[in-house]
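One-letter residues, chain by chain:
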Amino acid sequence: MKIVAICGAGIGSSGILKVNTERVLNRLGLEADVTAAHLKTLSTDAADAQIILTSPEFVDAIGPTRADIIIVENYFDTDELSRKLQAALE
Amino acid sequence: MSLPPLPDDAVVIGAEAADWRAAVRVAGAALAAAGIARPGYAGEMVRMIEEHGPYVVIAPGLALAHARPGPEVVKDGLAVVTLAAPVDFGHPYNDPVSVVLALAVASGDAHIALVAELANIFNDSSAIEQLAAAKTVEEVHRIMGAE
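Chains C and D are the protein sequences, given in the same order. Residue numbering for the first sequence follows the working numbering, beginning at 1065 and increasing consecutively. Residue numbering for the second sequence follows the working numbering, beginning at 43 and increasing consecutively.
In short, the hints are calculated from the structure, not lab data. Keep in mind the model is a prediction, meaning the values are calculated, not measured. For glycine and all other residues, C-beta sits at the position ideal for the given N, C-alpha and C. Each hint should be verified, as a subset may be incorrect.
Stated by the list, open to error - With beta-carbon atoms standing in for the labels, derived distance ranges:
(1) I1135(C) to D130(D): 12 to 22 Å
(2) I1135(C) to S167(D): 13 to 23 Å
(3) L1092(C) to A60(D): 43 to 53 Å
(4) T1105(C) to G85(D): 15 to 25 Å
(5) A148(D) to N1090(C): 21 to 31 Å
(6) E92(D) to V1123(C): 17 to 27 Å
(7) S168(D) to I1135(C): 23 to 33 Å
(8) I1135(C) to P138(D): 13 to 23 Å
(9) A148(D) to T1105(C): 15 to 25 Å
(10) I55(D) to E1095(C): 37 to 47 Å
(11) A148(D) to V1123(C): 26 to 36 Å
Said to hold, decoys possible - Heads up, simulated DMTMM-like pairs for lysine to aspartate or glutamate below, C-alpha to C-alpha not over 25 Å straight-line:
(12) K1104(C) to E1086(C)
(13) K1104(C) to D118(D)
(14) K1148(C) to D137(D)
(15) K1104(C) to D166(D)
(16) K1066(C) to E1086(C)
(17) K1148(C) to D118(D)
(18) K1066(C) to D1124(C)
(19) K1066(C) to E1144(C)
(20) K1104(C) to E171(D)
(21) K1104(C) to D50(D)
(22) K1066(C) to E159(D)
(23) K1148(C) to E92(D)
What the hints assert, rightly or not - Covered stretches of chain C (chain D as the covering partner; in silico rule of three or more C-beta atoms under 8 Å from a C-beta of chain D):
(24) 1068–1081
(25) 1089–1101
(26) 1105–1117
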């Protein structure tokens, strides 16, 4: 499974999403390749992704995709991430 | 892995900022004062938000301002700014902001360990409130684990 976290720069916020997503998946006993990316490299990074994690600002810019898009409100709330990832994976 | 050293110059407590741009510029000036970034980095952080929106407000009350690695970055580092009065960034869930972190990284590859440490600090949901209430640089150092 491939998961991509998107932000404007590909550092900072998407890096925090990557780190916390890996922690949540580990807690859930799931394995995935989690990548931090920014909008300019999104088309290649997310071509085969199943899940895209991002904040509300980037949803329109992501464009058509087969991936599930998860909008994250609080990047440090691993309970929120866990809930939304589980819902997307069901 | 711990955070890079947090010089006293990179910590500003109770900054007066009229709006989000002013708040980000205070954080950029702190990075410059601490020798982490050049003065032009502040404008790059402002432009990231103008271009992409207030996504840097990644948790209630907390903005993680940053731009891309580039010539304005001197070395990996972080500035911590608390605001005398919170400002709105226009974020749908997490306004108003009372703590601005400014992140500068020299390369995209090296930063994951640094942000992993930020996650260790701020996954404790009380850390933002503790920072916002901090009265001294020493308190900020303690909360950021950089004693």
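Original post:
Any of the earlier hints contradicted here, and which numbers?
Top reply: Structure breaks hints 15, 17, 20, 21, 23, 25 and 26.
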